[in-house]
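Sequential numbering from 1 applies to the sequence shown in full-length UniProt numbering.
Hints are computed from structural coordinates only; laboratory data are not their basis. One thing to keep in mind: the hints can contain errors.
[Unchecked claim] Only pairs whose alpha carbons sit at most 30 Å apart, straight line, appear in this in silico DSS-like list of lysine-lysine: (1) K86 with K35; (2) K145 with K35; (3) K35 with K72; (4) K179 with K12; (5) K86 with K63; (6) K12 with K28; (7) K63 with K104; (8) K69 with K12; (9) K101 with K63.
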Amino acid sequence: MPQDFRDGAFDKNWFMEAYTTLGEQRFKIVYDSAKYIAGGGLHRRSQLFADAALGRLDLEVTKNRVIDKRNKDYLLAYGLIPITDKADLLARYEYIQQYTKESKQFGAQRQASEKRSASIALLNLATNAGYCDVNRLVWNMETVKLDAIADYLQPRRLEDMEVQLIIDELGQGEIKCVKEGKVQRDIPAKYKSMNIFKR
Numbered sequence: 001m002p003q004d005f006r007d008g009a010f011d012k013n014w015f016m017e018a019y020t021t022l023g024e025q026r027f028k029i030v031y032d033s034a035k036y037i038a039g040g041g042l043h044r045r046s047q048l049f050a051d052a053a054l055g056r057l058d059l060e061v062t063k064n065r066v067i068d069k070r071n072k073d074y075l076l077a078y079g080l081i082p083i084t085d086k087a088d089l090l091a092r093y094e095y096i097q098q099y100t101k102e103s104k105q106f107g108a109q110r111q112a113s114e115k116r117s118a119s120i121a122l123l124n125l126a127t128n129a130g131y132c133d134v135n136r137l138v139w140n141m142e143t144v145k146l147d148a149i150a151d152y153l154q155p156r157r158l159e160d161m162e163v164q165l166i167i168d169e170l171g172q173g174e175i176k177c178v179k180e181g182k183v184q185r186d187i188p189a190k191y192k193s194m195n196i197f198k199r
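Please build the complete structure, drawing on both the sequences and the hints.
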């Protein structure tokens, strides 16, 4: 969508095709000429995105620029740096989600701006990872996160009681305790100090 591109979406597939067609030397001419073509400092953004897509940006340095200055252009570029493996993809996904949560400390206008930047950063990450849309990335990453805690969702026997972590449809968790076939309202006091409830 045109608005997505204005807000920082980057078509990495098209870019890599153009880069391959031009070759490194001719691309450098286009790269250096960007300031004469784009207005209002947008050439810096396009150069930053090109550097990210070509793997010229360091992942940690880029993330630190986002953390230190809440720099939106670096957030958008963060998803464009080549992905090394599934763990890298998950870490970036989780950081972009964290960025969105952190924006709640600001006023409404800045929140909206940062939320939009984060949604475009997720779009860039999805494209970079080979997903056809953001929803598929989100579904996959949330499934991976759920798989990581699946063991905790299984019922456990604890002396004379069975305990289980339950997550509802809104993502809220609670501990269900069943003693002698009856669901307990709370965790019995003698069990609260046990390690199983501290995790």
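**Message:** Run through the hints listed earlier and report the numbers of any the structure violates, in increasing order.
**Reply:** 1, 2, 4
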